[in-house]
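**Student:** Next come the chains, spelled out residue by residue.
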Amino acid sequence: MALRAVRSVRAAACSLRVASAPAAPCLMRPWGLRAGAVPTLGTGSTLLSVLGISNFAQEALGDVVYCSLPEVGTKLNKQDEFGALESVKAASELNSPLSGEVTEINEALAENPGLVNKSCYEDGWLIKIALSDPSELDELMSKEAYEKYIKSIEG
Amino acid sequence: MRLPAVRLVRLSRIPYTELLALQERWLRRLQAEPGTEAGALLLCEPAGPVYTSGLRGGLTPEETARLRALGAEVRTTGRGGLATFHGPGQLLCHPVLDLRRLGLRLRTHVAALEACAVRLCEFQGLSGARARPPPYTGVWLGERKVCAIGVRCGRHITSHGLALNCSTDLVWFDHIVPCGLVGTGVTSLSEELQRHVTVDEVIPPFLEAFKETYKCTLISEDSSN
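Protein chains in written order, with full-length UniProt numbering: chain A, 1 to 155; chain B, 1 to 225.
Isolated chain B (complex conformation):
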C-alpha cells in the first residue's frame, strides 16, 4: 500500500505572522477539497521573539503589556494549551494534515507529535526524553520541557503543532509561566548537550522521525501528488 505523501514546506527564518498566514492558506486549501491531499509540514525558525496564548487564553492584558515592553510580539491563537514562547534557535513545526488521510485521531496526532520529538532527542543522543500525560503534554528531559505542543483541529484538518528548543535563549521563558505549569522548567538541546545545536542541524533527523512516526513520505511543495 502506498504511503500517504505530505508536502514538505521548509521555510528559513521568518516572522511568526508569516507562518500563520501560510498555515491559513494551507488550511483553506485542505478544507476546500477534503480528502484530496494528506497535507503539508510547515517548518521554520522564528525570526524574532514572540509569546503566544491559546484558545483558553494564558496571558493577562498586564502580562501582554509587560512582554511587549521587553521587545517581543504577543499573539493570540486558537490552539490548545496556554502561554508559550517562540523565537530564534527554536524549531517550529506546524503540520497541516488531513487526519483521515493519515488514519489518525486527534489524540493520536498529539501523541505522534510527542513521539517525533522524543525520537529526535534520541537521534541527538538524549535517551531520557519522554512525553507526559495531560496537563503535562509535551516532551520532557527530567523536570524540564524541551518541546511544547499545542494544536487545533477543524473539519479533520490540523494546525499549529510543536516548538522544539534547539538553541533558544531560555531567558525569554522566565517572563511567563510556560504552558501555565508553575514550578516547571524549560531546557534546550544545546543546554542538555552542552554545545551549540542549531535548528538546521536538527531538521534532517526531525524529518526522519516524522516520516517514521506518521508513516508517510515527504514530497516537495510543488510536486504533483
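This is chain A alone, in the form it adopts within the complex:
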C-alpha cells in the first residue's frame, strides 16, 4: 500500500502525522497521517491513535488560521475526510489513514489554530481515535521511510 502510494504521489500536499507515546512506534504515510498507537488507559485493549500533521505538511500549508474538526463520537473509515485546515485562503481536507471512532478533539485549536504550525508534533495534535482495525497500522509508512520519501519528492 505504501509502495503504491509512493509511486503515484508526486507532491504531498498534506502530510499528517501523529504524536505518540514514547514507547509506541511512529508510523507515517506519504501524504497522510502519522499514527502512533497508544494503548488506552483503563480497561479493555483498544488502541488509541493521536493524529496530526507533519512538519513537511505544516510548512507546505502556511499559517493555519482555522481548523474544522469532527465531533467526538464520529466514526471514520480509512480515507474518510474528517475535517479541514484553512491557510492562505485555501481549505485543505484532512483524510484519516485509520478507521475508528473519534474520542477527543484538540479544543485548543479553536482559539489557537497556529499551534498546528508551531507544534505539529505535540500541542498541535488534531484528533484522537479509538482504532477499529489496528492491522491498518501495518500499512502506514515508518518515520524513516516517510523522511526518505519526502527527500525523494523534494529533489
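In case anyone wonders, no lab produced these hints; they're calculated from the structure.
Quick reminder that beta carbons are idealized off the backbone N, C-alpha and C, glycines included.
Treat the hints with caution; some may be incorrect.
Unchecked claim - Partner residues aside, some chain B positions facing chain A, computed with beta carbon under 7 Å:
no., residue
1, 56
2, 57
3, 61
4, 74
5, 75
6, 79
7, 106
8, 110
9, 137
10, 149
11, 150
12, 151
13, 153
14, 211
15, 215
Since the structure of chain A is already known, use the hints to place chain B on it.
**Tutor:** Same frame as chain A, but now just chain B:
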C-alpha cells in the same frame, strides 16, 4: 517534455449551483482515478446574484436573511476565505486540478491564481495590479480588490478558485464586508478602465495568462488526452 493538458470547460451564463454541480462531477472524476488527468478549467459568468461564505463561515443568519431579502442567493461552501459576492459581469474561474500532475503545492496554486489575474490586468492595460500577502490574498488595484480568491483542496485535487470583476455591479458588495476585510474597497475592470469590459472580452487573454502561469496547454473537454 510535453506540457500537461488541462481541459477547458467554457460555460456561458449559468446559475452558481450549476457550476458547483459540475465542479463536483469533475472532483469525483479526478479523485476516482488519481494521476490520470491534469484536470479541468471551469469558466463561467454567474447568471444571478449570489453571496457565498467559506469553511470558516463569514455570514451570520441575520446577514443571510437580509441578503436573501435583496433578491440574492446565499450559499455556504467549503473553500477558504470568508464572504464574497458573485454575479453577472464577473468572470468566475474554478480550476479543478490535480496538483501533482501540474507540479504544484497548494500555496503555489494560490499564488498562480493571483499571477493569472495580475497578468490579465496587465493585458488589459492596468499595470498596477498586485497580489498581497494573507489576509489580503487576492488581486488589488490600489486599495481596492478586483479579484477575490478562495480555494479548497482534497486528495491533491483543487476546487473553487477566483472571481474577477469585469463589469460586476459593485453595489452588491456594499451589503457585506468582502472577505471579512473591514475598510477595504472593491473595483472592476470597467471601473478602472472607465469603459464597459465584458466577461467575453476578458476570456481570451485570461486563457493566455492561465497557460503561461500554469505551464500547460488547454484542450477541449471531450478530446482524448
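**Student:** Decide, hint by hint, whether the structure agrees.
**Tutor:** Hints and how they fare:
The interface hint given for residue 56 of chain B is met, as the beta carbon of that residue sits about 5 Å from the closest beta carbon of chain A, less than 7 Å. Annotation: interface hint on residue 57 of chain B violated; nearest CB of chain A at approximately 9 Å, more than 7 Å. Interface hint status for residue 61 of chain B: violated, as the beta-carbon distance to the closest one in chain A is roughly 19 Å, over 7 Å. Below 7 Å, beta-carbon pairs count as interface contacts, and residue 74 of chain B has none with chain A, the closest being about 19 Å; its hint is therefore violated.
A hinted interface residue such as residue 75 of chain B counts as satisfied when its beta carbon comes closer than 7 Å to some beta carbon of chain A; here the least separation is about 15 Å, so the hint is violated. Checking residue 79 of chain B against chain A by beta carbon gives a least distance of about 6 Å; that is within 7 Å, so the hint holds. Below 7 Å, beta-carbon pairs count as interface contacts, and residue 106 of chain B has one with chain A at about 5 Å; its hint therefore holds. A least Cβ separation of about 5 Å between residue 110 of chain B and chain A falls short of the 7 Å threshold, and the interface hint therefore holds.
Taking 7 Å as the C-beta contact cut-off toward chain A, the hint placing residue 137 of chain B at the interface holds, the least distance being around 4 Å. A distance limit of 7 Å between C-beta atoms decides the matter here; for residue 149 of chain B the minimum to chain A is near 5 Å, and the interface restraint holds. The criterion of a C-beta within 7 Å of any C-beta in chain A is met by residue 150 of chain B, whose closest approach is roughly 5 Å, and the hint holds. Checking residue 151 of chain B against chain A by beta carbon gives a least distance of about 5 Å; that is within 7 Å, so the hint holds.
Against a cut-off of 7 Å between C-beta atoms, the interface hint on residue 153 of chain B holds, since the closest Cβ of chain A lies about 5 Å away. Because the beta carbon of residue 211 of chain B sits about 21 Å from the nearest beta carbon in chain A, more than 7 Å, this interface hint is broken. Evaluation of the residue 215 of chain B hint against chain A yields a violated restraint, the C-beta minimum of about 15 Å exceeding 7 Å.
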